[in-house]
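Novice: Protein chains in written order, with our numbering: chain C, 1 to 1100; chain L, 10001 to 10398.
Honestly, I wouldn't trust all of these hints.
Pairs of lysine-lysine, DSSO-like flavour, derived with a Cα cap of 30 Å [to be verified]:
id	chain 1	residue 1	chain 2	residue 2
1	L	Lys-10281	C	Lys-38
2	C	Lys-404	C	Lys-533
3	L	Lys-10299	C	Lys-533
4	C	Lys-966	C	Lys-688
5	C	Lys-652	C	Lys-688
6	C	Lys-38	C	Lys-110
7	L	Lys-10156	C	Lys-533
8	C	Lys-417	C	Lys-404
9	L	Lys-10299	L	Lys-10156
No wet-lab data here; the hints were simulated from the structure.
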Amino acid sequence: MPRRNDLNSVLVVGSGPIVIGQAAEFDYSGSQACRVLKSEGLRVILVNSNPATIMTDPEMADATYVEPITPEMVEKIIAKERPDALLPTLGGQTALNTAISLHESGVLDKYGVELIGANVEAIQSGEDRETFKGIVERIGGESARSRICHSLDDCLAAAGDLGYPLVVRPSFTMGGSGSGFAHDEAELRRIAGQGLALSPTTEVLLEESILGWKEYELELMRDGNDNVVVVCSIENFDPMGVHTGDSVTVAPAMTLTDREYQRMRDLGIAIIREVGVDTGGCNIQFAVEPSSGRLIVIEMNPRVSRSSALASKATGFPIAKIAARLAVGYTLDEIPNDITAETPASFEPALDYVVVKVPRFAFEKFPGADPGLTTTMKSVGEAMAIGRSFPEALQKAMRSVEKKGVGLTWEGEPGEKDALLEAAATPGEFRLRQVQQALRAGASVEELHRATGIDPWFLDQMALLEETARRLAAAPQLDAEVLRDVKRLGFSDKQVGEVTGKSEEVVRELRDALDVHPVYLTVDTCAAEFAAKTPYLYSSYDEETEVPQGTRPKVIILGSGPNRIGQGVEFDYSCVHASFALSQAGYETVMVNCNPETVSTDYDTSDRLYFEPLTLEDVLEVVRAERLTGEVVGVVVQLGGQTPLGLARELKAAGVPIVGTSPEAIDLAEDRGAFGDVLARAGLPAPKHGTATSFDQARAVADEIGYPVMVRPSYVLGGRGMEIVYNETMLADYIERNAEVSPDYPVLIDRFLDDAIEIDVDALYDGRELYMGGIMEHIEEAGIHSGDSACALPAVTLGHEDFERIRYSTEAIARGTGVRGLLNVQYALASGVLYVLEANPRASRTVPFVSKATAVPLAKAAARVMLGSGIAELRAEGLLPAEGDGGTLPMDAPVAVKEAVMPFNRFIDRHGEGVDTVLGPEMRSTGEVMGMDAAFGAAYAKSQLAAFGSLPTRGSVFVSVANRDKRSMVFPVKRLADLGFTILATEGTAWVLRRNGVQADVVRKHSEGPGPDGEPTIVQLIHDGAVDLIVNTPFGGAGQSGPRLDGYEIRTAAVVRGVPSVTTVQGLAAAVQGIEALVRGDIGVRSLQEHAESLRGTGA
Amino acid sequence: MTAEATAAPEAAPAVLVLEDGRVFRGRSFGARGEAYGEIVFNTGMTGYQETLTDPSYHRQIVTMTAPHIGNTGVNDDDPESGRIWVAGFVVREPARVPSNWRAQRTLDEELARQGVVGIAVPGTRALTRHLRDRGAMRAVISTEESDPEVLVERVKAAPEMKGADLSGEVSTTEPYTVHPPEGVPTRYRVAAVDLGIKAMTPQRLAERGCEVRVLPAGATAEQVLEAGPDGVFFSNGPGDPATAEDSVAVLREVLRADRPFFGICFGNQLLGRALGLGTYKLVFGHRGVNQPVQDVHTKRVHITSHNHGFAVDAPTDGPFDTPLGRAEVSHVDLNDGVVEGLRLLDRPAFSVQYHPEAAAGPHDAAELFDAFCALMERRGAGDSAPSAPSAQPETAEK
């Protein structure tokens, strides 16, 4: 069946901000869908609140709405755009839930919008556990014994029948949110209670424990002619009990015979048919009891998922792209396989390699959070690697994940066997390392299998690594054969060095001398049965390289590796843009990255894709391979965040040309002394600062600078361990907690600018001219990490003179450090003085936000500048506006507000309590949204709606602020009272409010407990749903959740109940403006294309 | 094959030499010795045990493109015949320990026990690309001789697959009967000619109520028809169909008798030849479990299990005349357009080039056995010359 000709326009719903469980993979799938639908001649309308995505680039759709993904807002878009159809299966659970809601409220019917790619019945029967269980039974499959419960009483009764431990799974939540294992009644009450609250249908499923079983997944696709293919099988390294998003996973399945695999495949196909997924993809999870082979169907996702992104990258079969084609009427046999070009998509990929995915966690950002892995997903990113064997792929994946303490190592002593076995028994971030160290310490496969439940085949493969390391250690000399043998098992030069007592560099030189290099093989979907046309490559110490000859000068772009807090999809955005811009400028673009979730690792994005770890060794080999097939003009390291930046100096030292800002200039900006000189020469002030190597020194420095001070260890980046210290006692406490402070690890102490306005700038510099990308004003005061702070563009409270000073300062820094490309500078404006906080001569997290807010493709322009183009040239070309820039936006320019999204609801401590939610100098957000409107209030309201749910327009506001905030809180709270809100406050705050004529009711603190007549505490009120907005500013520095402070209890209750919570006075002022805009009801929708039109129309 | 039935020590060197002189060095796996055959590759990621025991691989050295082989060990349930048939086995990463609840021993032990010479080489992908570009060719695996030049000369002296008549070497020597499983009533009697039959085929028929009388490859038409079967089946098997003129003659008589006929793989090639069509050798063949085959009428695509180096040459643009009446190509492979099924329009006969019995592979096409039963049912109901059904009766009108 060819494409349906009754469809002219399609609304694609994205997945919103990056959160745990719903991340960059939906940018990948959404971008693919938009591209495909557009190429089919359809008018594509897109809604996604996340500006950091490729899919929200104005070229990807005909009308791009960066608006909150709520049924109300999407209805407004539908009313305006009148699409023929809505495609909900490529935007994760968010899109699916929004579509169901629009269907149920009759909006889709009202506007005659057809749901394509899925029907509501299929979505519901796939996602509703009871219905799904019925389906599994009908097709002759088996499910875990379970009971559906709608109340805590139901749960307790069911537990009596099923016995502990039990799995608790809430219905209709994403990423396993709210699920977990209950070993006893107390745990059941807690987990099920939260699950019932989280589930939009107040429904949880209790299920017999299948802990320790083998876990598998199948990715399937079905077309309108009932053809079904299984794209990929995935086997989890970790047995059941760990969320698949947090598991190390392997494709294809490694330990199934054909009979068992076909049984699974038959069930999968029967399920997709019975559930009624008409067209598109789905993902089905299975568990297998290792001793008997009993096969259980766990669940299905009737949509494109994180696993489908992984499966697409693992096989070269682009599930989302094909799902979009199927949704508009094609059948699988009508769609060509892009990779071979000659064979159709109606086949099942055959792999002649092994793929391993490893999750990346961020527990260090959430002190106190339980780092144990459960059925609730907690990882913030993942790395994937491809090798010709499991050990090779595993080793590559473990080094791709680039996290200290996680990778496999032969350095130092392994530790004590029994302790390692015990540690490995509990699934956690370091499990693989623990298993490997246990093997080093002499543990057997059998012992490890008993301790961990990990399949003996996987453990034996790890034992093979250990045996190989021992053989290597015993080898009389490192000849080519010995090296090739260990490299074939994925050993890095560093590991070879660890085993043989050599440096990584010496091993590399040895390899060069012996000509031991990897070859690059193609991910071709067919195990070499047909020739591949798409150069999607991976390295292996195998036989025959398949790198095609280049035809044009090549630029290699280094991506950003696995997503993590502080380095997410924003950096992928810049890399992808560079690839597009440079390809257009006539270069052959070569992408290197190892993150399966991203657009950069789509084989369509660059001329060549190397799916490789971003380590010096792996990158140098790619450069070598590319040089063998053509001219490499240079390597781009400034767009992928810290990962590639960290390689810059060594790459240059190895003779690799780095384009754009030189590694020396990058170092200069990071070196406090040298950078201080740049500032001094330009006459730019910086906050007073000093360095200390002991408490006494620190005290002296702090006294000299004056409290409050910002303290941080010198050896970490990204705000790790950064705190604001208000007095000597807190300083002593900080030094004590950071016991490593020593001459080698000094602590940096900066003056903290209380009450300063923080300003973030992204600019472009070509050596002569500065292009101001955008000037962003933070909504929260200085001291909160820029990544966690909301900000507005254009800056809303700065004057013309401030703008000029910022431009002057930015240009001086750009010139002084020698920037060629992007520059991000953070300023603080306090008492009329503009302080320079820091400068980063690279793409920043805010580049995509600025690009979208000002309708200028900043990253594309940056890539061109890095390759030698001037700003004037780019203005003439039309890539940059002919005149003006992001610092000269007209008065009537729309206001864009960026808001950060925090993952607090994912983390609980060992007692099952929430973790503190106070914002601080250490970044903890996973993603962001953008609200855009004509005025600040409406833009802010949209940003809150997109990030957290709507601000309230009536009800109760609870106010409890620190003493220093009491004065500035009065006016905005009074305004809320005038708007009709009931004001609740703790005693001290209420006293101040009453003095100022605001009627405030006193509520009891948590620490006071309930009153004599049962008066509830504020925490109880929050739990009862009696509070609609919380204003709670903490005293003291952030991240100090030690004592059971009232504020901590309040804020965690707010997270659990999902009540909007404001923790700064500035945030309160913004919230009040937003609430006013909501009350006035003037929240409309406007596409980026319309915004761009208006910006151009007014001459920006 | 000159293999000795002893397990090779882990690190014993072995060499694989192709007739065009390409050499792959690796480690011995399974039995030591020297093994000759036509080297082919199989892209299936599961099912090595079924592949090894499939008689159609007789005289072939099979290369598995999936790198890890042997992970699930060997059990006594999954073999497709009484022995391993491949002449040699090429893998990249043989498993050191099997892990599966049904595993009874390791693959290495099994190969050694049955005297099958294997080799583990890193370059299985390079080898596959080589065969894809240059075609299947003769090769040798040796743990005894390491000089490639000597081995190339020996390879060139080995017989080629083209022109090889091999069914007799793999077929049963005595007839035997496979009965429907307990609880399934016998509804049809099928005479199945064993040209290299896989165990799953009579089993699939028996599950549907067929009592299957399996006959040796040399069975005459009289022997095939003597018990008055409801239907006749010709199995898969090794070798060049052009050499099987006797079987083709038997098949012509079966067709003239209007006896419902179903053929698989070699059986499909023989039907083609019986209809006067040619057969030819594919460059590298179809061996794997992921081949998309389309029913030309319903346009439905099945993912199917393949193992064939030869194919039928027939017009794919519609029905054509044959000495036995009108016929058509019922199925084609979407990867390369190769004929994958034939159907007579005036007689109850059809065949497919692929493997609906799977083992290894997907079960998508299992309904072809139902189609065969339906033909026998109609004949039993008095329809003396029903034409073969479209292959997917249930879903044909979708």
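Novice: For every hint, state whether the structure bears it out.
Specialist: The hints, checked one at a time:
Using a Cα cut-off of 30 Å, the hinted pair Lys-10281 of chain L and Lys-38 of chain C is violated, with the two alpha carbons roughly 44 Å apart. For the given pair, Lys-404 of chain C sits about 38 Å from Lys-533 of chain C by alpha-carbon distance, which is inconsistent with the 30 Å threshold. Distance restraint check for Lys-10299 of chain L and Lys-533 of chain C: the Cα-Cα separation of roughly 27 Å lies within the 30 Å cut-off, and the hinted pair is therefore satisfied. Distance hint between Lys-966 of chain C and Lys-688 of chain C is fulfilled; the C-alpha atoms sit about 28 Å from each other, no more than 30 Å.
Restraint check: the Cα-Cα separation between Lys-652 of chain C and Lys-688 of chain C comes to about 34 Å, which exceeds 30 Å; the hinted pair is violated. A hinted pair counts as satisfied when its Cα atoms are at most 30 Å apart, and Lys-38 of chain C with Lys-110 of chain C qualifies at roughly 26 Å. Between the alpha carbons of Lys-10156 of chain L and Lys-533 of chain C the distance comes to roughly 34 Å, so the proposed pair goes past 30 Å and is violated. Restraint check: the Cα-Cα separation between Lys-417 of chain C and Lys-404 of chain C comes to about 21 Å, which is no more than 30 Å; the hinted pair holds.
Simply put, Lys-10299 of chain L and Lys-10156 of chain L have alpha-carbon atoms about 44 Å apart, too far for the 30 Å limit, and the pair is violated.
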